[in-house]
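Using the sequences and the accompanying hints, generate a full structural model.
Chain by chain, the residues:
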Amino acid sequence: MPKLLRKLLGLLLLTTTISLATCQSLHHAINVNNDALPPQNNVRGLS
Amino acid sequence: MNTPPPTIYRSPHRYVKKPRSWFRGNGGLLYLFPLMAIPATITAFGKGHLAGIFVNGGGYALFMVAANLLRRGLLAEVAYDTKRVTRAPKWPLKTFAAIVVAVATFLIAWLGAQHTLLVAIAFGFGALLGMYLNYGFDPRAEKTILGGHGYSTDEIRQTIDDANSVIESIEAANNQIRNAEFNKRIDRICDTARNILVELEANPAAIRRTRKFLLVYLDGASKVTAGYASTHAQVTTTNDLEQNFRNVLDSIESVFKEQREKLLEEDLFDLDVQMEVLATQLKNEGVV
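Just so you know, the protein sequences line up as chains A and B, in that order.
So the first sequence is numbered by numbering that gives the first Met the number 0: it starts at 0 and just counts up by one.
So the second sequence is numbered by numbering that gives the first Met the number 0: it starts at 0 and just counts up by one.
Just so you know, not all the hints are guaranteed correct.
Here are the computed lysine-lysine pairs in the DSBU-like style, where the Cα-Cα straight-line distance is at most 30 Å [unchecked claim]:
1) A:Lys2 <-> B:Lys142
2) A:Lys2 <-> B:Lys82
3) B:Lys282 <-> A:Lys6
4) A:Lys2 <-> B:Lys89
5) A:Lys6 <-> B:Lys89
6) B:Lys142 <-> A:Lys6
Please keep in mind that the hints were generated in silico from the structure rather than gathered at the bench.
Following this line, the structure appears as structure tokens:
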């Protein structure tokens, strides 16, 4: 395999795997449910 | 009245541009690819998602470690490529970097992006393959030479490295000498010595003869120069001392040139005679 082609293929694979994994991880981090925060108080019950 | 210091002569060194293909790369891209892990970590902090903080932050840290390893591995590879006689780099840093990248990608894909285990493994394997295709793995073969006359690669490499450090010490001593004529002569001697080393690298079969020259006479030249530099710095030098040093430099210069020519001609007997003559002269001058 020519060296340039090998490099381009390697670059494509690295870009795809690393960038995709990190971008999807960011997407998941944005959409994750807020389990860690306490539920909001029911203000109607207080009145 | 203060007199300005004399101009110090330095011979110019020829600039040789190192051949470097434009797509070789220096490992800088590996710092850029995982940048998205930073906003992912910040978002995980904002959402109070502990696992996300560890996975994205830890993954990014792993990528940075890998990028650092890769840069060092590429530098070691360049050093390996430029030497004719050398061993393989001590640690396979590029291979380590590829493994760390694969692990980090797998972890982020599995725990960060919540892919299934098999898909995450595919991500890790893809990253490993990408590292191999783009940067390759480390050179493991020892660059040996034929006709080393019983000397191993390590011994030849060590001899050349030692000789280089002696030449550097001569140049350092030369920097302390404030005499343009001596500076010029010592620079010429260093240039000749470096030429001999270049020829030795090209033709390691001459190691047997050259070792004596490198170990004894180069070292002698270093001692003479360092001795003169320290005396010269402490007391005002007399004409006799300068003349003696001039004579010694003359002898060293001529023997170094002879050595180089004899190396080319491979005239062993004549070379030995020349060395004996220089040894006797150095003893008579009281410098060795």
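Against the structure, the hints:
Taking the CA atoms of lysine 2 of chain A and lysine 142 of chain B, the gap is about 23 Å. The hint holds against a cut of 30 Å. Pair hint lysine 2 of chain A plus lysine 82 of chain B holds up; C-alpha atoms about 22 Å apart against a cutoff of 30 Å. For the given pair, lysine 282 of chain B sits about 61 Å from lysine 6 of chain A by alpha-carbon distance, which is inconsistent with the 30 Å threshold. For a cut-off of 30 Å, the pair hint linking lysine 2 of chain A to lysine 89 of chain B stands: about 26 Å separates their Cα positions.
A distance of roughly 25 Å separates the Cα atoms of lysine 6 of chain A and lysine 89 of chain B; the hinted pair therefore holds under the 30 Å criterion. With a C-alpha separation of about 25 Å, the suggested pairing of lysine 142 of chain B with lysine 6 of chain A holds against the 30 Å cut-off.
When the structure is compared with the earlier hints, a violation turns up for hint 3 alone.
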